[in-house]
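Place chain D on chain F using the hints.
Protein chains: 2
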Amino acid sequence: MEPIRIAIVGVGKIARDQHIPAIESTPAFSLAATVSPNHRGPEGIPHLDSLDELLEKGPAVDAVALCTPPQVRYDLAVQALKRGIHVFLEKPPGATLSEVVALRERADKVGVTLFASWHSRFAAGVAPARAWLSDRTVHKVSIVWREDVRVWHPGQDWIWEPGGLGVFDPGINALSILTHILPQPVFMKNARLSIPENRAAPIAADIDFADAGGAPIHMDLDWRQTGPQSWDIVVETDAGTCKLSQGGAVLTLPSGTEHNEDLEYPGLYSRFGNLIRGGRSDVDIDPFRLVADAFLRGHRQIVEPFHD
Amino acid sequence: MEPIRIAIVGVGKIARDQHIPAIESTPAFSLAATVSPNHRGPEGIPHLDSLDELLEKGPAVDAVALCTPPQVRYDLAVQALKRGIHVFLEKPPGATLSEVVALRERADKVGVTLFASWHSRFAAGVAPARAWLSDRTVHKVSIVWREDVRVWHPGQDWIWEPGGLGVFDPGINALSILTHILPQPVFMKNARLSIPENRAAPIAADIDFADAGGAPIHMDLDWRQTGPQSWDIVVETDAGTCKLSQGGAVLTLPSGTEHNEDLEYPGLYSRFGNLIRGGRSDVDIDPFRLVADAFLRGHRQIVEPFHD
Chain F
53 MEPIRIAIVG VGKIARDQHI PAIESTPAFS LAATVSPNHR GPEGIPHLDS
103 LDELLEKGPA VDAVALCTPP QVRYDLAVQA LKRGIHVFLE KPPGATLSEV
153 VALRERADKV GVTLFASWHS RFAAGVAPAR AWLSDRTVHK VSIVWREDVR
203 VWHPGQDWIW EPGGLGVFDP GINALSILTH ILPQPVFMKN ARLSIPENRA
253 APIAADIDFA DAGGAPIHMD LDWRQTGPQS WDIVVETDAG TCKLSQGGAV
303 LTLPSGTEHN EDLEYPGLYS RFGNLIRGGR SDVDIDPFRL VADAFLRGHR
353 QIVEPFHD
Chain D
53 MEPIRIAIVG VGKIARDQHI PAIESTPAFS LAATVSPNHR GPEGIPHLDS
103 LDELLEKGPA VDAVALCTPP QVRYDLAVQA LKRGIHVFLE KPPGATLSEV
153 VALRERADKV GVTLFASWHS RFAAGVAPAR AWLSDRTVHK VSIVWREDVR
203 VWHPGQDWIW EPGGLGVFDP GINALSILTH ILPQPVFMKN ARLSIPENRA
253 APIAADIDFA DAGGAPIHMD LDWRQTGPQS WDIVVETDAG TCKLSQGGAV
303 LTLPSGTEHN EDLEYPGLYS RFGNLIRGGR SDVDIDPFRL VADAFLRGHR
353 QIVEPFHD
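Keeping their order, the protein sequence lines are chains F and D. The numbering of the first sequence is the numbering used here, which starts it at 53 and goes up by one. The numbering of the second sequence is the numbering used here, which starts it at 53 and goes up by one.
Bear in mind the hints are in silico, worked out from the structure with no lab data behind them. Note that this is a predicted model, so its numbers are computed, not measured. Please note: incorrect hints may appear among the correct ones.
Just so you know, same-sequence chains aren't split out, so a pair can sit in one copy or run between any two.
When the alpha-carbon atoms are kept at most 16 Å apart in a straight line, the in silico EDC-like pairs for lysine to aspartate or glutamate are as follows [as the list claims (entries may be wrong)]:
#, residue 1, residue 2
1, 192, 263
2, 241, 213
3, 241, 127
If we strip away everything but chain F, and leave its shape as in the complex, we get (with noise of 0.2 Å):
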């Protein structure tokens, strides 16, 4: 079988960091060109300044990976999906909920591929702490996910402007997480969002979620934090407790712990290739969902301002 052609448009941090060496290492695709009118990609590799320059001049693809600010994304995905090209989005999926349910309905239409990617998903721990929740009664739920954000988004402007999460950019993968693992559907009760004075999106929050058994699921989110950073989800059981630690990569059940290698953008490749080979499109908004609920209802409190 041929290799899936890709594009990579939008060739910032998360590209070069995952993107490209997940591409490079997965043979189901082939990485036929970069676009950016920024960033160039690696050696010997076609580099595009614009999506409409790569449709225009080639080389031709088959598929697009969406590595840009989720601001922009909506348009590119349209124009891809009207040529029929695959297209895979990073996370956050859009800059609105209804932008990606009008894409979802859109390549349904047209037949074509849409994965709206959750990387945190595919964290080693993850699929077995699925597994081990999915007969259990959770009783309570403790997410603790605090971080440096001048380490992790470095003069990302982008990020705190309108349609950029702030701290719910990290927070959604620990939602995607969530929302995956545990038996019942999750629902949001109360948020307290911390905006710097100088900018539109929350630096740290404090949300309290529920399942529809009624265990509480508390979540402490923080991009001020220095010294050691905390991924972890505490999920506390009928049958013993279950930790994810270190985003989803090191799983501790009562049985014992297990690390394993990080493979999350592989697996991502992974799965956006037997989406594209199967003609099936994958898009979960509900980690999306969850983070629009805190802005919607939650109680912001304007806190000192955040410089770069």
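For chain D alone, coordinates are given in the frame of chain F:
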């Protein structure tokens, strides 16, 4: 066929002005009880202080209409659905999207009817507007929804709290019509929200949407309108202009203008009765999702304080 015994939970302005008269005029229903810690319902109808008390002491009911502020609706709906009691949700159907989705899953699982009502969709001009637009190409839409909050929501503090929607409480009526009459899905592009410095929710908003065909849709919401009030939607198409005014009651097409009697709430109860008899639910969250998107992506500006 025996009438469906229904209790109204939350006896505020909307219950007194609309629900009680509509139930009394709809043969499919009989008003079995009213429930509120604050306000009594009509003379001669059993009254309880809480839903707990109703479920414990009776009278027996087949359905409830939840007319409370949205912030408390989820828990009430769960209580009812657990007992196999059908649920009518006033708009907006909850305080968050995720709780409405969780309710819908629960209702489907137990086979009980859940109806997320959008009363404006039952305004007289809406069904013919939808039919007329179904095979048109939409070029442009303009929505102007300007009213005096002191007239329509006097002293309703909940509407200004997180989970109340501020000016989107009436604005969601316009969106419920928009999403019902346009032939293509709608998504949000930009929003500017004006928030009084002493309140959590917007008093005005200016929003750009588009439909999947790219037609621009502009919405102007303002709660500071004194004098004549405006509830107008103008849709320009390849076959001329469709205008809904007076909140959907009056329809003007190239062929002329239709005025019709307002039958919104009787229409809702007729629909709810049909859903119950047919064993189905009707939970469309599209209008609510667009509002969440405005909160998610909107630019906020602080404006002068609002005092009731």
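Taking the hints in turn, this is what the structure says about them:
1. 192 <-> 263: within (9 Å within a copy, 41 Å between copies)
2. 241 <-> 213: The answer is between: 14 Å across copies meets 16 Å, while 25 Å in one copy does not.
3. 241 <-> 127: For residue 241 and residue 127, only the inter-copy Cα distance (11 Å) is at most 16 Å; the intra-copy one is 33 Å.
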